[in-house]
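Heads up: the protein sequence lines correspond to chains C and S, in order.
Residues in the first sequence are numbered consecutively from 1, following our numbering.
Residues in the second sequence are numbered consecutively from 1, following our numbering.
Hints listed in this document are in silico derivations from the structure and should not be mistaken for laboratory results.
Take these hints with a grain of salt, some might be off.
What the hints assert, rightly or not - Taking lysine to aspartate or glutamate pairs in the EDC-like style, the calculated list, with each CA pair at most 20 Å apart, reads:
| # | chain 1 | residue 1 | chain 2 | residue 2 |
| --- | --- | --- | --- | --- |
| 1 | S | Lys47 | S | Glu79 |
| 2 | S | Lys47 | C | Glu5 |
| 3 | S | Lys47 | S | Asp26 |
| 4 | C | Lys6 | C | Asp60 |
| 5 | C | Lys55 | S | Asp26 |
| 6 | C | Lys55 | S | Glu79 |
| 7 | C | Lys6 | S | Asp26 |
| 8 | S | Lys32 | C | Glu53 |
| 9 | C | Lys6 | S | Glu54 |
| 10 | S | Lys39 | S | Asp26 |
| 11 | C | Lys55 | S | Glu6 |
| 12 | S | Lys39 | C | Asp60 |
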Amino acid sequence: MWLYEKRLQFPVNITKPDAKAAGVIISQLGGPDGEMGAALRYLSQRYTMPWPEIKALLTDIGTEELAHVEIISAILYQLTDGLTIDDIKNSGFDKYFVDHTIGIYPQAASGVPFSASTLQSTGDPIADLSEDMAADGAIA
Amino acid sequence: MLSRTELLQDVMMFDFAVTDATLFLDTHPHDKNAFEYYKEACQRLQKAKQLYTEHFGPLNNRTIPNDCYDYVNAPWPWEVCK
């Protein structure tokens, strides 16, 4: 069960819009190694972990990743606030804008929409924890 | 009286300490020192949340001390405070 707290985990205060930056940063939201994927990965894997400590850990980390989804979304919202038509046309952001305007839509910078095909939940704890390390960058 | 930004920063700060403590305790639930740290951090967080809520409104829709549903009011977390 989730309770929402009406604040960001970490403050975001962007005063200068930047469509180009938004076009890249969006991968951290809906890309293959983004926060949305991380949240769903951990929250999906926790059910079949054999030990209560790991159920707890994946639940709590997954919850924190949802807070990170919110942070990235806030960044994107502020980066695209007050863009001019020229900003949109000249930054490559026009391809996103045509389908989403300045709405927040979870996708990778490449334009591929967010998909669970970038994560795995196997039911086997070793495979799942290996998947988590690969996704989180612990294995270079 | 501290500003909204300062009180919110206290909440963020103490909550982060609690979050970190929970992640450690999740895999070390019997660690007494960690648990003491966790309890202390929770107390500070509680006070910070209470202070913020008193002066600037509810942080969630389960703790609304005023006699109106001001939970919906601006600002929402992604809005820049000007």
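Hints versus structure:
1. A threshold of 20 Å between alpha carbons decides the hint, and for S:Lys47 with S:Glu79 the separation of about 25 Å lies outside it, so the pair is violated.
2. Using a Cα cut-off of 20 Å, the hinted pair S:Lys47 and C:Glu5 holds, with the two alpha carbons roughly 16 Å apart.
3. Pair hint S:Lys47 plus S:Asp26 does not hold up; C-alpha atoms about 24 Å apart against a cutoff of 20 Å.
4. Of the supplied pair hints, the one linking C:Lys6 and C:Asp60 holds, its CA atoms being roughly 18 Å apart against a limit of 20 Å.
5. Our distance criterion of 20 Å between C-alpha atoms is met by C:Lys55 and S:Asp26, whose separation comes to about 9 Å.
6. Restraint check: the Cα-Cα separation between C:Lys55 and S:Glu79 comes to about 34 Å, which exceeds 20 Å; the hinted pair is violated.
7. Restraint check for C:Lys6 and S:Asp26: not satisfied, since their Cα atoms lie roughly 25 Å apart, outside the 20 Å limit.
8. Restraint check for S:Lys32 and C:Glu53: the C-alpha separation of about 16 Å stays at or below 20 Å, so the hint holds.
9. Distance restraint check for C:Lys6 and S:Glu54: the Cα-Cα separation of roughly 15 Å lies within the 20 Å cut-off, and the hinted pair is therefore satisfied.
10. Proposed proximity of S:Lys39 and S:Asp26 is supported: the alpha carbons are some 14 Å apart, at most 20 Å.
11. Straight-line distance between C-alpha atoms of C:Lys55 and S:Glu6 comes to about 35 Å, which puts the hinted pair past the 20 Å bound.
12. For the given pair, S:Lys39 sits about 17 Å from C:Asp60 by alpha-carbon distance, which is consistent with the 20 Å threshold.
Consistency with the previously given hints fails for numbers 1, 3, 6, 7 and 11, ordered from lowest to highest.
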